[in-house]
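**Student:** Sequence:
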Amino acid sequence: MKNTVRLIVFISLIPFFDLILKARGVYGGLGANPFETIIHTTGDWGQREF
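If you're matching positions, the sequence shown starts at 123 in our numbering and goes up one per residue.
If you are wondering where the hints come from, they were derived from the structure by calculation, not from laboratory data. Keep in mind that the hints are not guaranteed to be accurate.
Claimed, not checked - Pair ranges (Cβ atoms, derived):
{"id": "1", "residue 1": "VAL131", "residue 2": "LEU152", "range": "24 to 30 Å"}
{"id": "2", "residue 1": "GLY168", "residue 2": "ASN125", "range": "33 to 39 Å"}
{"id": "3", "residue 1": "LYS124", "residue 2": "ILE161", "range": "33 to 39 Å"}
To be verified - Distance condition first, Cα-Cα at most 20 Å in a straight line; then the derived SDA-like pairs of lysine to any residue:
{"id": "4", "residue 1": "LYS144", "residue 2": "ASP166"}
{"id": "5", "residue 1": "LYS144", "residue 2": "GLU158"}
{"id": "6", "residue 1": "LYS144", "residue 2": "THR159"}
{"id": "7", "residue 1": "LYS144", "residue 2": "ASN155"}
{"id": "8", "residue 1": "LYS124", "residue 2": "LEU135"}
{"id": "9", "residue 1": "LYS144", "residue 2": "THR126"}
{"id": "10", "residue 1": "LYS124", "residue 2": "SER134"}
{"id": "11", "residue 1": "LYS124", "residue 2": "ILE136"}
{"id": "12", "residue 1": "LYS144", "residue 2": "ILE161"}
{"id": "13", "residue 1": "LYS144", "residue 2": "ARG128"}
{"id": "14", "residue 1": "LYS144", "residue 2": "ILE160"}
{"id": "15", "residue 1": "LYS144", "residue 2": "ASN125"}
{"id": "16", "residue 1": "LYS144", "residue 2": "VAL127"}
{"id": "17", "residue 1": "LYS144", "residue 2": "HIS162"}
{"id": "18", "residue 1": "LYS144", "residue 2": "SER134"}
{"id": "19", "residue 1": "LYS144", "residue 2": "GLY168"}
{"id": "20", "residue 1": "LYS144", "residue 2": "PHE157"}
{"id": "21", "residue 1": "LYS144", "residue 2": "LYS124"}
{"id": "22", "residue 1": "LYS144", "residue 2": "GLY165"}
{"id": "23", "residue 1": "LYS144", "residue 2": "LEU129"}
Here a beta-carbon is modelled for each residue, glycine too, at the ideal position from N, C-alpha and C.
Input sequences plus hints: build the corresponding full structure.
**Tutor:** Right, dumping it as structure tokens:
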């Protein structure tokens with residue numbers, strides 16, 4: 123049971139870490155319009171999880 127909860131929490135935090143890495147410029151960066159990138163990234167992840 124504990125491992126299942128940990129896995130769900132980890133999977134739900136992936137979009138957050140993805141945005142942090144993009145904001146730091148580790149890969150890709152946020153581009154010319156960072157708000158649009160954040161909205162599209164979180165929307166894509168939201169659709170994937172449903």
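**Student:** Are the hints correct? Go through all of them and say.
**Tutor:** Going through the hints against the structure:
1. VAL131 - LEU152: 24 to 30 Å: Since the Cβ atoms of VAL131 and LEU152 sit about 25 Å apart, the hinted range of 24 to 30 Å holds.
2. GLY168 - ASN125: 33 to 39 Å: 25 Å, violated
3. LYS124 - ILE161: 33 to 39 Å: Distance hint for LYS124, ILE161 holds at roughly 34 Å.
4. LYS144 - ASP166: 15 Å, holds
5. LYS144 - GLU158: Between LYS144 and GLU158 the Cα gap is close to 13 Å, so the pair holds against 20 Å.
6. LYS144 - THR159: 9 Å, holds
7. LYS144 - ASN155: Holds - the C-alpha atoms of ASN155 and LYS144 are around 13 Å apart, at most 20 Å.
8. LYS124 - LEU135: Holds, at roughly 17 Å.
9. LYS144 - THR126: Roughly 28 Å separates the two Cα atoms, so the pair is violated.
10. LYS124 - SER134: 16 Å, holds
11. LYS124 - ILE136: The given pair, whose Cα atoms are some 19 Å apart, holds under the 20 Å limit.
12. LYS144 - ILE161: 13 Å, holds
13. LYS144 - ARG128: 24 Å, violated
14. LYS144 - ILE160: Holds, because 9 Å separates the two Cα atoms, which is no more than 20 Å.
15. LYS144 - ASN125: With Cα atoms ~29 Å apart, LYS144 and ASN125 exceed 20 Å; violated.
16. LYS144 - VAL127: 27 Å, violated
17. LYS144 - HIS162: 13 Å, holds
18. LYS144 - SER134: 17 Å, holds
19. LYS144 - GLY168: OK: LYS144 and GLY168 at ~18 Å, within 20 Å.
20. LYS144 - PHE157: 12 Å, holds
21. LYS144 - LYS124: Distance of about 31 Å is beyond 20 Å: violated.
22. LYS144 - GLY165: 16 Å, holds
23. LYS144 - LEU129: Violated: LYS144 and LEU129 sit about 23 Å apart, past 20 Å.
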